[in-house]
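From first to last, the protein sequence lines stand for chains A and B.
For the first sequence, the residue numbers in my numbering are 1 to 237.
For the second sequence, the residue numbers in my numbering are 1001 to 1409.
Keep in mind the hints are simulated off the structure, nothing from the lab.
Since this is a predicted model, take the numbers as computed values, not measurements.
Honestly, I wouldn't trust all of these hints.
Below, a list of computed lysine to aspartate or glutamate pairs in the DMTMM-like style, where the Cα atoms sit at most 25 Å apart [said to hold, decoys possible]: (1) A:K83 x B:E1009; (2) B:K1006 x A:E74; (3) A:K217 x A:D71; (4) B:K1311 x A:D55.
The following residues of chain B were derived to be distant from chain A, with all beta-carbon distances above 12 Å [unchecked claim]: (5) N1075; (6) V1285; (7) G1351.
Reference listing, derived: stretches of chain A covered by chain B, where coverage requires no fewer than 3 residues with Cβ under 8 Å from a Cβ of chain B [said to hold, decoys possible]: (8) 43 to 56; (9) 80 to 92; (10) 100 to 107.
A virtual CB, placed ideally from N, CA and C, is assigned to each residue, including glycine.
Given next are the chains, with one letter for each unit.
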Amino acid sequence: MIKFNGIHKSYQTGNSSLHVLKGIDLEVTSGEMVAVMGSSGSGKSTLLNIIGLLDVHDGGDYYLDGKLVKDLNETKAAQLRNKHLGFVFQSFNLISFKNAVENVALPLYYQGITRRKRNKIAMEYLEKVGLLPWSDHLPNELSGGQKQRLAIARALIGNPKVILADEPTGALDSVTSQEVMELFTQINKSGITIIIVTHENDIAHQTQRIIRLHDGKIEKDHKNGHFVPHTEFAKTI
Amino acid sequence: MFDIDKWQEIFNTIEKNKLRTFLTGFSVAWGIFMLIILQGSGIGLQKGVENQFRSSATNAIWIWNGQTSKPYKGNKPGRNIRMKNEDYDYLNAHVDGLDQISGRFHVWSNVLAYKKQSGSYTIRGVHPDYQKVEKLSLLSGRFLNENDQRFKQKNVLISKLVSDALFKAEDPLGKYIRINGIPFKVVGVFVDDDGRDDNMQLVYISIATAQTVFGGERDIHGMVVTVGDANEKEAKKIEDDIKAKMANLHRYDPEDENAMFFWNSVEEFTKFQKLFASIRLFIWVIGIGTIIAGVVGVSNIMMIVVKDRTKEIGIRKALGATPGSIISLILQEAVLITAFAGYFGLVIGVGLLELVSEHIQTPFFREPEVDISVAIGATLLLIIAGALAGFIPARRAAAIKPIEALRDE
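Here chain B stands alone, though its shape is the one from the complex (with noise of 0.2 Å):
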């Protein structure tokens, strides 16, 4: 195997066969690199779709007031249904299987300024569950508590946005901004980095506090639970468990889908799931495919090539080649033009996602990457059966009489 003298030999011959030697290389690079692009492509989409839930919890049911658009038990369509404090309050005690719940109460275009800087920012009123529901990321300080929520406190939770707007490079902790006029302290710096950016133009304080400071009495403009680590089934179960109650709550037709709005993240999750599921396996049976086809010209290749030397193979069996000389001649050719190739088209191709994943960003594509162990093992793979497609026929060649071999013209 390290007989210089050997590989020199070998050398000799592929530098002398460049044609031959590219066409072998290349069908096995083209196999490899397709498998690379393939599987990078792949898990470049997963990862897209996956970011786009990335921003708030997967495992959350939203919900939202809604207008009936059925008669029931009385009362006319075109209902208006608010939720309230009540509301939070029997969900929270009443539903089983709740992780983290949260209320949600919008004040839209309110003014925020800090010394002369000012902004028209949304304030969102919710519970302290709500850091959870929404992952958000804290710079500095500390989200909404309870103390906020049971005393009411001016305390206000900022975006960076909102901090670089206002503060500039000033550390915005502790300071008071005025909102509509009114000082509320700063307790922490946020980001929401799922890419929207109306998610960022916005500051938290705590809903009790919201209701009082801007008049919204007990209202609640919609309401967000999580469902811990409960699978689709029993998230629907759930979801259907909140429809039955709120129905029964506000008396409004249980079948009416627009007096309450619901959106359940756990089920269009599993169907994301499933679906990159189906493209991950759809992905692997092109990827396969390739390989097969990379197999199939290497073997073709190396029956050729074999065909191609029985001659060479007859004059030097004469010239005194051993059968086994003669196999190990054509096997570690194969074996180095595969290996060399196959590293090739990966490095090619990983060069190739590199590249893309640098300059291709889009919220549906990202970070492209592929499992070097499934491209070393493709590599190999294409190794061995162009090896085991040079040993067939090369050990048929080593076995035929030199003189049939020296007849092959």
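Chain A on its own, in the form it takes in the complex (with noise of 0.2 Å):
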């Protein structure tokens, strides 16, 4: 699904230059459940941005979906993301003056989706989430984890093949970050891939392969051997 051949990343802050990424090779098959750990500054957001085209690697191949990701102008970009990707983030990115339905619904917007079909799917997906009574809120009506579902819900709307996840609950407290990887989990098993950057440890440790990142290389790419079904995890607490 997703492929790094050395991907190099760079950021120029005034006369000195910022290396990121110092060759990444990755790959993602569909369908796995991956986190992506690494202390702050180890490039494990930029690695995601550069995957869900929210940013431009400097060098190497990017294969997204077996497609070489290579000289996108924003438009072509914009319709990769709104086909493919779906984004939950730290801080939720909620449009403030929109109703939890109509946020659902902004990336069928940009599918060409009228407003009636497309709000129709968002009250679906609300209820997926469970928040199908708070579709007429404002998301500064709602807690933190009911945003993060409201956004996972927004991801989710698009039908995508790949979930980007950063720090999704590092603005929630431990049991809505349960809550929300109980999500998360869910969503995997449907057949979705999910790629979250986390730095806790007991977070990704619910997915099924954690890489870590050092100093913008990959340190250590391990199959996650504790990994228990999220059923029988359920069961052991």
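Given two chains presented individually in distinct reference frames, assemble the corresponding complex, making use of the accompanying hints.
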């Protein structure tokens, strides 16, 4: 699904250049649930942004769904994001003046689906994340966990192949974090690839594979030996 | 452009950002409103003054008798100058460039009577040309003509006011009124609607009749000539020509300002026209200034709007919005708001002018109105300015990488 061959990324800050990604080789296959870990500044968010076409890499090859991502203009990138990718952010990034159903429906607007139809679909997704009673609430009337579930519904509605989550539980307490992780696990079971950037070990350990970044390079990439399928994990606690 | 869904999206955004929308709209509406009020007031002032000139020809030179104030060729000062019929004939024959010419002979406080009604009015004896000079409008009948003059006919032209007073609802044409006991036949009814009552408190008869019947011999109290379409300079030349000839004829010092009085309406009218040209210019300068202020206001707000929405733009881009869709979203919103607000300012401004013009009709301010093409032009200008002001930052916002837009707090 996602293939990196020697990806480099530098940021220009004033006169000095900051080399963030120093040759990343990575392959994520369809249906995987992967955690990307690392200390701050290790380049994990940059990695996610490049995967998500929110940022552009400087060197190396990036294949998304088997196609080489190269010299994309903004319009093409926008269409790819809309078609293949769903985003979940630490700070939710909901549009504050739109209510829950409108926020969820927004990706469908950019697919050219009529208002009536996309709002209907959005209601279904709100139901999936358990927010149906809050459909006409504005984001600031929702709790952190509700906001993140709303954001997940929005990420899902475009029927993406990959969901990219940047510290999705960073702003949540442990109970709501767990709810969000359960939601991700459920989504993953339906066949959607999920990549989660996190620095919390217990979050990372609920995925099937952990990639540790250190100083712009992959330090460790291992299958999660302790991975317990969600249902059994729930039983153990 | 006619994508209903996009409009719904825009209306949605507007509805949820009322203050921002109001501020943008207000600066546009205010600019258009001020422009219309200024334009309307300028036109109102101009019409007021033009109206002052409306009741008599704007190309006339008026002449009155005076009294010498300087000694000249053995004559002491203080001598009264009296024009006679000869002066009329002389000017008629010897001054070039005259269009119409008429003498004036006044008889004050006469008793006019018809049946049991009577009143005191002024009689003005004039030549047939006088109608055009004073711009009298006939309600019925005719003006005094050459026959009245030549045969000293006892025919009279009465004002609407006199007609109402003496005849009430009766048709006065062909009826006889008594002026100081002498019967005169009514040949016409006129109005002189310059708003001055004393120009209606009188009747006109031919000057020859007036001189004969009311003992004026060959006296003329005043004269008026029109100079066709002469410009200010030409009119001044004719005036100087008349002054020199009158001074020569009546043997007074040509430098004597009091021997006879002259009033050149061409000169006065031109002065007013120049004054109003400057006022118009001034109004335009202020109007354009107001529009520029509006443009700057709209630009400013659009810049802030785009800045304000950078994060939202980032979110939209992450969800699949293309740069084109971002730009058109912001532009259409800007155009919609400015167009609506501009129209609003237009309606309020025109409405206020209508209200004012209905209730305020002073001699120097009347019928304010606005050149609607100017107002629409200004609105279009503001819309284009708003679109342009929105376009530049919108394009920049749409072009930045979504991750940078998302980072914006």
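Results for each hint:
1. A distance of roughly 21 Å separates the Cα atoms of K83 (chain A) and E1009 (chain B); the hinted pair therefore holds under the 25 Å criterion.
2. A hinted pair counts as satisfied when its Cα atoms are at most 25 Å apart, and K1006 (chain B) with E74 (chain A) qualifies at roughly 20 Å.
3. Distance hint between K217 (chain A) and D71 (chain A) is fulfilled; the C-alpha atoms sit about 24 Å from each other, no more than 25 Å.
4. Distance hint between K1311 (chain B) and D55 (chain A) is fulfilled; the C-alpha atoms sit about 15 Å from each other, no more than 25 Å.
5. Against the 12 Å criterion, N1075 (chain B) stays outside the reach of chain A, whose nearest CB is about 94 Å from its own CB.
6. Look at V1285 (chain B): its CB is around 41 Å from the nearest CB on chain A, clear of 12 Å, so calling it non-interface holds up.
7. Every Cβ of chain A is farther than 12 Å from the Cβ of G1351 (chain B); the closest lies at roughly 33 Å, confirming the non-interface assignment.
8. Chain B is given as covering the region 43 to 56 of chain A, and this holds because 5 residues of the stretch bring a CB closer than 8 Å to a CB of that chain, at least three being needed.
9. Chain B is given as covering the region 80 to 92 of chain A, and this holds because 5 residues of the stretch bring a CB closer than 8 Å to a CB of that chain, at least three being needed.
10. With 3 residues bearing a CB less than 8 Å from a CB of chain B, the region 100 to 107 of chain A meets the requirement of three and the coverage assertion stands.
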